[in-house]
Amino acid sequence: MNIAMLVFIACSVMAIVGALALILAREPVHSALALVLVMISLAILYLLLGAAFIAAIQILVYAGAIMVLFVFVIMLLNAGEEVRTNVSRLAKWVGLPLGIFFLLEMAYSLFREYGGRAALAGGTAAPVPASTRDLSMKLFTEFVLPFELTSILILIAVLGALVLAKRES
Amino acid sequence: MEFVTHHPVLVVSLIKIAIALFVVMTALAYLTWFERKVVARIQSRWGPYWVGPHGLLQPLADGIKFLFKEDIVPPAADKISYVLAPFLALALALTTLALIPIGPATISILGQPTQLVISHSNVALILLFAISSIGIYAVVLAGWSSNSKYPLMGGLRSSAQMISYEVSLTLSVVGVLLIAGSFDFYDIVGGQSGHWVHVIPKWHIFPQILGFICYLTAAIAETNRVPFDLPEAETELVAGFHTEYSSFKFAMFFMAEYANMITVSCLATLLFLGGWLSPFPETGAWRWQLYLPAAGLIIAGIGLIVGGLRGVQLSAKLVFPVLGIVCLGVGYLCTLPGVMPVIQGPFWFTAKVFFLLFFYVWARGTLPRFRYDQLMSFGWKFLLPLSLINLVVTSLVVVLRLR
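Protein sequence lines correspond, in order, to chains A and B.
Under my numbering, the residue at position 37 of the first sequence is numbered 37, and the numbers go up by one with no gaps.
Under my numbering, the residue at position 170 of the second sequence is numbered 1170, and the numbers go up by one with no gaps.
There could be a bad hint or two in this list.
The calculated SDA-like cross-link candidates involving lysine to any residue, where the alpha carbons are at most 25 angstroms apart (straight line), are [said to hold, decoys possible]:
| hint | chain 1 | residue 1 | chain 2 | residue 2 |
| --- | --- | --- | --- | --- |
| 1 | A | K138 | B | L1177 |
| 2 | A | K166 | B | F1382 |
| 3 | A | K138 | B | L1396 |
| 4 | B | K1149 | A | L77 |
| 5 | B | K1079 | A | G80 |
| 6 | B | K1317 | B | K1016 |
| 7 | B | K1149 | A | G50 |
| 8 | B | K1079 | A | L76 |
| 9 | B | K1381 | B | L1210 |
| 10 | B | K1149 | B | F1254 |
| 11 | B | K1149 | B | D1071 |
| 12 | A | K138 | B | L1400 |
| 13 | B | K1381 | A | F70 |
| 14 | B | K1079 | A | E82 |
| 15 | B | K1016 | A | I44 |
| 16 | B | K1016 | A | G50 |
| 17 | B | K1381 | A | V163 |
| 18 | B | K1079 | A | V163 |
| 19 | B | K1149 | A | A25 |
| 20 | B | K1079 | A | G50 |
| 21 | B | K1149 | A | L76 |
| 22 | B | K1202 | B | L1400 |
| 23 | B | K1149 | A | M75 |
Honestly, the hints are just simulated from the structure, not real lab data.
Isolated chain A, as found in the complex:
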């Protein structure tokens, strides 16, 4: 039981609790905060794997920018508590078993693939992380077309939002 294992367990529990709270919380701001908690725990897991850059970007972009906008909008609209409805019985009786089945299936396939050689539990060293330089070289040579296409996609989304906002007035 080393420190890395302890941190791993703590962060995993935090991520799962956060994810559950995200769904179960009735106050929109609490849900948003729970999502931030999930992102931060995931970032710490990345740190544990030696991927400090990815961890930092995860927090900086998702928790630090996108979620702040979410919270901003929730606060601006002054959204109240969620209203629970009992309209869909199908979701209750079929959705839950299906969800559990899906979870078990994922756990099984992951265990079959990696069960024998879990890096942390086995005490073996984590793989050497790719440096930021390697990452950017890959991003701007091999994957430059998808990268640029993604940015154009985001630009289109921004323009679309602008057009929709203009139409209102």
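Given the coordinates of chain A, assemble chain B onto it according to the supplied hints.
Here is chain B on its own, set in the frame of chain A:
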């Protein structure tokens, strides 16, 4: 002892954290005193004067007062978020300081060689931005959870302001990163050593003067300081996001604000002002600069003794000479061959950070507050294009020099 020998890194880190926490907390307390004194001077007043000699015990008195005030939680508040917000603010503000190195030397604690930084990472700068970006939640949560209109306005303003200025802040730093080619503070500062024409230090502030101005402006906005203190504008919002906070929770917001000021100044020092590097060349003729820390302390000590004895207040007559003798003692320590090379880095680093903090207070004493629409148009229509121009020009120059 068993534990110490088995986990040397953990124990050494804990010792370093304890020392850093003590130093930073004291610095925070006396930063408030310093600010009040300087602003008072600007406005032709005396500032704090009666608690201790020249108000030197004022921070302590404030702290005790905050501790013993009644801690009120508004009944309509969202309890969890309301309590979480001040803790989050202070914890995150202090965590960022763990990534800031204050000197190049390697010292030895309990026989373990260690650097003058709590946590050395090769992506330290990005990590620092990541941690400080979480800090927005503290202000937003405080504003929202109070369930009151002025705090909500403060929280909304704060989130809008921080999102707007964080873009410029990050972009203004990219220029330095392009020149340095690393996220590691040791590499960034190491790249600034040397001199142009033997006199001008190769600090990033000279090629990146535009970036520096953008950074400083955005940093003041990010820390919610005058002239960008819209989230807590007293004349419009009572006290903004922390209107409903009392007692020590209020003090925690204050401490977080000052801790953020220190972090931002440290970052500016590391990125633009050569970090712990001395402004003078390190040739034989300039060897006397090694005695500067000692000389500064000894002059301060003599000044304190003479000034204290000639002072009017009785407490000053008693306390200042003692402080002066302490300064003389520490000054003598700085001339010892074992201490002298180690103390150089922290000395210059602290001097530069102190200058930037003074600049902060100076700005507060002289500039009026922006109007909200002015703030937004300044951020998006002036600061952002300026930092983008800086980024484009810097990348062009870097690429052309690589050819």
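Here's how the hints hold up against the structure:
Of the supplied pair hints, the one linking A/K138 and B/L1177 holds, its CA atoms being roughly 19 angstroms apart against a limit of 25 angstroms. With a C-alpha separation of about 24 angstroms, the suggested pairing of A/K166 with B/F1382 holds against the 25 angstroms cut-off. Restraint check for A/K138 and B/L1396: the C-alpha separation of about 21 angstroms stays at or below 25 angstroms, so the hint holds. Of the pairs offered as hints, the one joining B/K1149 and A/L77 holds, with about 14 angstroms between alpha carbons and a cut-off of 25 angstroms not exceeded.
At roughly 16 angstroms between alpha-carbon atoms, B/K1079 and A/G80 fall within 25 angstroms of each other, so this suggested pair holds. For the hint linking B/K1317 to B/K1016, the alpha-carbon distance of about 35 angstroms lies beyond 25 angstroms, and the restraint is violated. For the proposed pair B/K1149 and A/G50, the alpha carbon gap of about 44 angstroms is over 25 angstroms, so the pair is violated. Taking the CA atoms of B/K1079 and A/L76, the gap is near 20 angstroms; set against the 25 angstroms cutoff, the hint holds.
With a C-alpha separation of about 16 angstroms, the suggested pair B/K1381 and B/L1210 falls inside the 25 angstroms cut-off, and the hint holds. For the proposed pair B/K1149 and B/F1254, the alpha carbon gap of about 21 angstroms is at most 25 angstroms, so the pair holds. With a CA separation close to 20 angstroms, the supplied pair B/K1149 and B/D1071 stays within the 25 angstroms bound. For the proposed pair A/K138 and B/L1400, the alpha carbon gap of about 22 angstroms is at most 25 angstroms, so the pair holds.
In summary, the hint linking B/K1381 to A/F70 is supported, as the alpha carbons are separated by about 24 angstroms, within the 25 angstroms threshold. Proximity of B/K1079 to A/E82 is assessed by CA-CA distance (about 18 angstroms); at most 25 angstroms being required, the pair is judged to hold. The hinted pair formed by B/K1016 and A/I44 meets the criterion: a straight-line CA distance of about 22 angstroms does not exceed 25 angstroms. A C-alpha spacing of about 23 angstroms is found between B/K1016 and A/G50, which places the hinted pair at or below 25 angstroms, so the restraint holds.
Between B/K1381 and A/V163, the direct Cα distance comes to roughly 21 angstroms. Compliance with the 25 angstroms bound is thereby established for this hinted pair. At most 25 angstroms may separate the alpha-carbon atoms for a hinted pair to count; B/K1079 and A/V163 exceed this at roughly 40 angstroms. Taking the CA atoms of B/K1149 and A/A25, the gap is about 24 angstroms. The hint holds against a cut of 25 angstroms. For the hint linking B/K1079 to A/G50, the alpha-carbon distance of about 37 angstroms lies beyond 25 angstroms, and the restraint is violated.
Restraint check: the Cα-Cα separation between B/K1149 and A/L76 comes to about 12 angstroms, which is no more than 25 angstroms; the hinted pair holds. Pair hint B/K1202 plus B/L1400 holds up; C-alpha atoms about 19 angstroms apart against a cutoff of 25 angstroms. Between B/K1149 and A/M75 the CA atoms are separated by roughly 12 angstroms; this keeps the pair inside 25 angstroms, and the hint holds.
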